[in-house]
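Line by line, the protein sequences give chains A and B. Sequential numbering of the first sequence, starting at 1, is according to the UniProt record's numbering. Sequential numbering of the second sequence, starting at 1, is according to the UniProt record's numbering.
Keep in mind that the hints are not guaranteed to be accurate.
Among chain A residues calculated to face chain B with C-beta under 8 Å, some are [to be verified]:
| no. | residue |
| --- | --- |
| 1 | Arg49 |
| 2 | His128 |
| 3 | Leu148 |
| 4 | Ser184 |
| 5 | Tyr185 |
Okay, the calculated beta carbon distance ranges per label pair [stated by the list, open to error]:
| no. | chain 1 | residue 1 | chain 2 | residue 2 | range |
| --- | --- | --- | --- | --- | --- |
| 6 | A | Val180 | B | Pro13 | 18 to 26 Å |
| 7 | A | Thr313 | B | Ser118 | 18 to 26 Å |
| 8 | A | Glu20 | B | Asn80 | 55 to 63 Å |
| 9 | B | Pro13 | A | Glu20 | 55 to 63 Å |
| 10 | A | Lys179 | B | Leu135 | 21 to 29 Å |
| 11 | A | Lys179 | B | Ala36 | 30 to 38 Å |
| 12 | A | Tyr176 | B | Ser162 | 52 to 60 Å |
| 13 | B | Val115 | A | Pro177 | 57 to 65 Å |
| 14 | A | Lys179 | B | Glu31 | 37 to 45 Å |
| 15 | A | Arg171 | B | Ser162 | 37 to 45 Å |
Cross-link-like lysine to any residue pairs, in silico, SDA-like; alpha carbons within 25 Å at most [stated by the list, open to error]:
| no. | chain 1 | residue 1 | chain 2 | residue 2 |
| --- | --- | --- | --- | --- |
| 16 | A | Lys181 | B | Glu10 |
| 17 | B | Lys66 | A | Ser308 |
| 18 | A | Lys181 | B | Glu12 |
| 19 | A | Lys181 | B | Asn11 |
| 20 | B | Lys72 | A | Gly389 |
| 21 | A | Lys181 | B | Gly142 |
Please keep in mind that the hints were generated in silico from the structure rather than gathered at the bench. Note that the Cβ used here is the ideal one computed from N, Cα and C, for glycine as well.
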Amino acid sequence: MELLSGADMIARFLQDEGIEYIYGYPGGAALHIYDALFRQDKVKHILVRHEQAATHAADGYARASGKPGCVLVTSGPGATNAVTGIATAYMDSIPMVVLCGQVASHLIGEDAFQETDIVGVTRPIVKHSFSIRHPSEIPEVLKKAFYLAATGRPGPVVVDIPKDMTAPTERYEYIYPKKVKMRSYNPVTRGHTGQIKKAVEMILKAKRPVFYTGGGVVTGKASEGLTDLVKQLGYPITTTLMGIGSYPQSDRQCLGWLGMHGSYESNMAMHHADLIIAIGARFDDRVTNSTSKFCPTAKIIHVDVDPSSISKTVRADVPIVGPASSVINEMISLVQGHEIAHPEALTEWWEKIDGWRADREGKLYEPSKPGEVLKPQEVVEAVCRVTRGEAYVTTDVGQHQMFAAQYYKFDKPNRLITSGGLGTMGFGFPAAMGIKQNFPDDDVVCITGEGSFQMMMQELSTCKQYGVGVKIVNLNNASLGMVRQWQDLNYKSRHAHSYMESLPDFHMLIEAYGFTAITVNTLDELEPALERAFANKHELVFLDVKVDPHEHVYPMQVPLGAMRDMLLSKTERT
Amino acid sequence: MRHIISILLENEPGALSRVVGLFSQRNFNIETLNVAPTEDPSLSRLTVTTVGDDRVIEQITKHLNKLIDVVKLVDLTEGNHIERELMLVKVKALGAARDEVKRTVDIFRAQIVDVTPSLYTVQITGDAGKLDAFLQAMAPVGILEVARTGVSGIARGDKVLSL
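Please take these sequences and the hints and turn them into a complete structure.
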């Protein structure tokens with residue numbers, strides 16, 4: 001029998017659970033745990049410079065690796081600083097366990113120093129949370145936390161740990177729990193066969209079908225199956241922002257992504273479809289535009305592991321509750337040996353789609369002329385070329401995020417790492433940090449803007465400490481581009497607080513941390529700068545790329561309209 | 001439409017706040033809420049009455065089921081059921097009104113459970129409609145205080161909500 005203190009149990013549990021990295025920041029209530037982590041060397045602790053970055057780094061790690069991220073923060077401000085990162089993970093269904101120190105049990109409720117009811121604060125943005133009430137519970141509670149975070153529809157789990165629970169003087173028996181049993185939590189493992197059969201019949205009979213797939217395919221590790229199914233049928237597919245890469249974008253059947261700034265052909269195809277096969281997507285408002293005008297002629301098959309996602313905003317005709325991978329596999333076996341009922345209709349459908357594609361070809365943006373200020377779109381295209389479309393790309397939020405998603409071509413899942421649901425500025429850089437540590441030999445690039453980058457730029461210091469060689473491409477338009485775009489469109493170009501006065505000299509700032517910065521002003525400087533930046537995989541390089549502040553993101557769906565109602569440029573609309 | 005949803009909930013600290021929080025967070029509505037432990041000390045039974053169309057009720061039950069602390073739930077209004085609420089009311093009972101109150105209490109098959117020279121405390125059980133009717137009948141006399149438990153309910157017949 002092994003007797004361990006609560007703190008040692010935590011360190012030991014993390015080892016037994018196979019946790020490689022824990023991102024965190026110490027403080028009074030977490031000190032026993034920090035001491036226990038210090039006395040072992042299997043779990044690597046990464047000291048961030050702000051707790052929000054710890055959660056984003058763990059989140060990035062989780063998205064890229066498919067394993068749950070792990071965070072350790074102290075009570076009070078440590079925990080509240082983590083809140084934005086927890087909400088980010090929650091909105092995108094990312095598995096994460098956040099261990100929060102708490103004031104000692106006898107002080108709880110007394111407004112003690114650095115006390116916050118973090119379980120209460122995070123309640124609406126976690127999959128579940130626990131408070132440790134006795135040190136002996138620790139192994140079981142942690143096992144449940146990791147199990148809940150990673151299974152079913154994944155999400156963040158908070159574990160609140162009062163300081164006395166980790167006291168070195170109190171020791172209890174430690175046994176690593178191999179299994180978890182929770183009577184109230186049994187995530188579905190497969191879809192209803194009858195429903196799947198019904199769906200496949202509809203799929204085979206469809207005349208204008210579109211697959212619409214989301215993050216559930218990525219987190220559900222179902223991309224291969226999806227690709228097989230879609231290729232077998234020869235149907236068009238569009239993905240959500242979160243689903244980018246779940247089907248190779250370079251393939252002809254992929255129409256790109258859909259929604260507010262999605263591709264013209266995706267949105268047009270959705271609007272005119274007679275069958276939508278939604279898998280692991282949640283019909284959110286950035287996809288559907290006005291739900292009352294959404295896809296008026298389509299029947300909807302909706303596959304999701306979370307029943308509450310089905311018929312939440314748009315009524316499904318055939319709901320299937322189940323994990324994407326098993327449902328897709330079952331669909332593949334049912335489709336095999338069957339011909340589609342209307343091949344001639346599918347040919348016609350593709351002619352129509354190819355027509356939409358041809359309509360917009362080469363008209364998406366106007367490249368800069370020699371000597372002119374760069375267009376952000378061409379910068380992203382250059383990044384894609386230089387990294388051969390194989391990098392892990394993280395983004396922050398705003399115009400640069402949309403440009404990154406539009407102009408970098410992703411053929412693999414988990415490669416575009418972006419805060420789709422919450423839309424968290426400041427996400428990209430710490431997320432890139434978390435990814436790079438797990439994939440040191442891959443290119444990891446954070447495409448950001450000068451607004452977003454300044455929200456988490458203190459993490460340069462963390463990168464310095466651990467030698468994290470991420471690349472940062474700062475699309476510097478000296479303004480909050482997306483806000484400015486909306487102000488141009490809706491507020492007669494009154495740019496209320498959307499421009500950044502007093503920007504730092506990024507070059508000097510980066511050099512102050514001992515890293516290389518390259519400033520890019522024109523097209524001829526761009527590719528050489530990128531080549532130089534990506535030459536050494538282990539060196540952090542910051543590219544400050546000055547881009548056109550007047551550029552807008554198009555297409556852009558017209559608010560309250562249908563999927564097909566889009567602005568296509570500053571002067572054209574559908 | 002009004003629905004009565006009965007929930008078996010883990011008897012854990014914070015479990016109730018997850019249920020209540022869900023309603024406010026998702027813009028659902030709670031009309032009444034009633035909660036107490038069951039014969040199994042690890043479980044609480046919670047009954048909530050809510051109003052919404054089919055789409056909203058479907059979302060409410062799905063989101064409730066998603067809460068880790070919710071073990072099982074049933075929408076009692078989907079079948080035959082019994083619903084009861086208990087109410088304690090203090091009413092003025094002076095002069096002629098004293099007899100009038102006593103008569104009304106008998107008509108409603110309620111009970112007077114406490115008496116002072118100037119008021120009666122009445123205990124009444126029934127469905128929400130009966131309790132509302134009693135309050136309406138007492139209004140002219142003078143209602144001083146009302147304490148209602150909120151609706152509790154159970155399915156009729158062989159159906160049982162248990163693990």
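Broken hints, numbered, in rising order? Of the numbered hints, 1, 7, 9, 10, 12, 20 and 21 do not hold.
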